[in-house]
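Top line first, the protein sequences correspond to chains A and B.
Under the numbering used here, think of the first position of the first sequence as 9, with each following residue one higher.
Under the numbering used here, think of the first position of the second sequence as -11, with each following residue one higher.
A hint or two may mislead.
To give an idea of the interface, some chain B residues facing chain A are shown, with a C-beta separation under 10 Å as derived from the structure [as the list claims (entries may be wrong)]:
#, residue
1, Pro28
2, Tyr155
3, Glu164
The set of hints was computed from the structure by calculation and includes no laboratory data.
All C-beta atoms, glycine included, are put in the ideal place defined by N, C-alpha and C.
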Amino acid sequence: MMMFALPALVLIPFLGGFAAWIAGLRGATRPAWAVSLVTLILMLLVLVNVTLASLSAGTGGWFAHFSMPWIPLLGINLRFDLDGLGLVMLWLNALISFPCALLSARNVSERAGLFHFLLLSTIAGINGVFMATDLFLFFFFWELMLLPLFGIILIWGDAGRQRAVLKFFLFTQGSGLLMLLAILGLVIVNAQRTSVITFDYFLLSQTAMITPVAGVLMLGFFLAFAVKLPMVPFHAWLPDTYAASPAAASILLSGVLAKTGGYGMIRFVVMLFPGPAAHLAPVAMTLGVVGILYCAWLAVAQSDIKRLIAYSSISHLGFILLGVFSGTRIGMEGAIAQMVAHGLSTGALFVIAGLLEDRLGTRDMAKMGGLWPAMPQFSAFAMFFAAASLGLPGLGNFVGEFLVLMGTWQVSHTMTFFAAAGLVLSSVYSLTMMLRVFFGPRRSEASSPLGALSVPHVAVLGVAALLLLALGVYPQPVLNLSVPASPHSVSYAQEQAQ
Amino acid sequence: MTPIPAIVWGVSLVATLLPLVIACPLFVSIILMLTGGKLPARATTLLVGAGMGLCALFAVISAYSFLTGPDSLGALHVVLWNWMQVGNFTAQIALSLDRLSLVMMLVVSCVGFLILVYACAYMYDDPDIARFFAYMTLFVASMLLLVLASDLLAVFVGWEGVGLCSYLLIGFWYGEQANAVAARKAFVVTRVGDALFLLGMLLMATAVGSLDIPTLLAVGPHAPSTTLTLGMFLLLGGAMAKSAQVPLQTWLPDAMAGPTPVSALIHAATMVTAGVYLLARLHGLFVLTPAAMLACAVVGFVTILLAAGSALVQTDIKRILAYSTMSQLGYMYLALGCGAWHAAMFHLVTHAFFKALLFMAAGSIILRVHHEQDIFKMGGLRKDMPWVFTAFLIGSAALAGLPLITAGYFSKELILGSAYEVSPIFWAGALFGAFLTSIYIFRCVFIVFWGGHRTHAHGRSGMAMALPMAILSVLAIAGGWMEMPDAIANVHIFSNLLSPVLGALPQEHGTSLLIVGSLVPIAGVTIAWTLWRPRDVAPTPAESPAIATLRADWGFDTLYDRIFVRPFMVLAHLNRRDFIDRFYDLIAALTQGSGQAIARLQSGQVRRYAGWIAAGTVAALCLAV
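Model the full structure from these sequences, guided by the hints.
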């Protein structure tokens, strides 16, 4: 049973997407939406099942495996393995995908079936990315999660979408190509050494440890993930893309897709090439700190609320880079906690931005102001997530940022000092957003309340708030569970898979 | 046989009650938030009164049973849960009660209770009363966590929590842009301190391996002295921002934009004193770093004088009190820097009494003169509101430190004595500060309460406002009698209470210092009377460029605006479109442009192609030869 759970996590959303497409062919939005939700619930049930089985297997190491030949001639397998890191990321994906499907129903009226198909394909691709341990399969899922997203933005995005998608496409595909070259390079080097052609992560990890060209190969992986995360100076695609995307795509992009970059950094850079990664660490960490400060500074000056959140998001992702490359366990755990917390808080902020755009017809903060009395409940939620985003202790983001800073402190005091200065800047842009949107005198003409929050909105924002609170007050389960497993601790895995 | 079961019961009673002391206001806050303003005002005030009453009651009971229990000299720990544990670093959510946190807990819960009762009447007609009390009770809960937490990281939760509540309450009337801007300023400036605090914690956690305060105090002294000094400097920076000490003081005067009960609770009695409390808790480490102590004393010294100078020329009654708070906090920092922990804590307590009283009285005045805050538009209010006048007068006397009959006198004398011990300059400056204090507060008293009417007072202050003021008036007088110099009476209740934690009270000085210290406030009041006693002409504020600078906080705000805020914002706006992004756009444009240029070569004219081929051949031949 457990064996088929992993591929099921990919297949269910993919097939469910097909079903939604077919259900939506007649033009009605409702059936497609319903199929989409049922699919996500099924996926969640499988995930609960996997989690329960994993927890009983004890913490640490690899929990579950699946292997099946795909292209035997080239040594390519359909191989999935799940460790704590992957499991936590799968949960994040499952949690974030609900608001995407649930809340998108309002905005998407045309070709809803296609929309849900593309959305669910992306989700399937992301699930695959978090589990695939065959490098070819990983690359396959990496593309699978991006291609449908191009479609979503291109069809349902706003006026600037074509330019934004082109930029997004060039950056991610260009860097993806580098990763593909690095994968092929690693396979060839391994084939020369052992005369076996394989794309298996665990087998290749042996070669990755000893090959003299490890540094070059690692750079290919690193650049792909650095663009995806994104790391300054490869961030230029992100604000345009986030701003031009429909709400569901913004939530998915900021909530989960950015984390595939962080996940990849851990799994395929630091764990696969530990030596070269340590050499790269000072550069990566410096760029992380630069990103924290530079993008926080950019966020302050934005007047488009989605661009503000987009830049703040890049700023927070700098902490992930810092933690992953600090080389300390505490920094790594902090980075993972930060990934989860950032996914929830930024995802929620994009829900809020999407709703504002929906109700006011603009994203320009100069045209907002004084919205609190018109929508008190909604404003209180915005305040909560702004507080989370500025790193208020007691909420999830603080745990991540504190642990990352603690890991960084052991490596460099200067970098920690500058990263901590980012905390001051984060309070500047978060509170500036609150000031310009919700406080002050009422600026927009409409004096009537902008309508109460719908039940799905309250549910989505409420659950996100509760999870952030839980993560901030009692993060230990996530910290314990999310330990990434080493590629070298897989003897048991090998047996299971064969 | 000793009645062991009773004692054990007593201790476990404290262990049970201590979390409840925090939980009571927290639950009230959660209920108010979840009901989202649907509760009627009466139900809200009843809920708040009950919650805060229980909180104060539990605090008093646990204080009593702790002091009568077997552990009364040590500390009682209640571990609630493990917050985070990674590698060998552990942070716990744990509470600890010793005599120092006990004093602070009583101040926060009891004075907090009184101020909230007052606020129930003050805010009764505000349509957003539920939101107000949701923030206020959340503040009290955070402050109690700050006070009781035994782990520095958990202290930080309360520390930032009170900062957030302060932000929300300063901007409570968010309809005014200025209020919301003041709120943001308060948060950002204190966040600078919070970042320093955080760095200090990282340093301590790395050097000591734990942030548990007892462990820090036990193991910290073995850390290298440079590490320790740097750590204490960072923590001092955090404390200074919270307590509005120079040069991080600029947020406090603007913070007066909040409703007056907020100013009384947060910006006078509790939150701003958090820094003093933190340093007193860590005095075992602080005492090992003379450089940090000296810096602390100098900061306090400078703040006393600068803030008192500004208070002298303010026209807004709340701003007078705000600068006065800064100045009084300066006394506490001076005391801490001089190693006079008892004196700092004693002044913290008496200041909480009399400054909360002054703010409440000021709030009553403001309510009854149609939200007028300019003292030069008041006048002759002595007859209109005799009880409020009495309360304000008692508070002013205590603030000025009029000898023997006020609480402020005894606590200030204790600080002056310790300052003299370290340096006569500190003593002289602090004494001059006391002189200015009595002048500026009685300037306010004479202008507001004497002379002709310049405004019409209406209504009455109800019981819910009068009773807390009456209680605090008594405390502002009698609160000082728990600690008196030997020359007056041999009473040392306060220092005896704290000496198990803070060490013995140092030797006292002769009576000459005491006599000088007693005469100075009287002289100040006399000068205030000669300058601002009622005359035929209505008083007007003095005007000159120097006074304008003084009124605007010695130009700190303008300076920060010029060197930090404006360059930051101007450059940010210039780079709003992100030059890195522009760079990629440039590459894209170049690629496109060159592509088009080369595409133009493909003209379809055979003779041009032939010409190019010929030119290429010639070039190739030249290269070959």
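Against the structure, the hints come out as follows:
no. : hint   : result
1   : Pro28  : violated (17 Å)
2   : Tyr155 : holds (7 Å)
3   : Glu164 : holds (8 Å)
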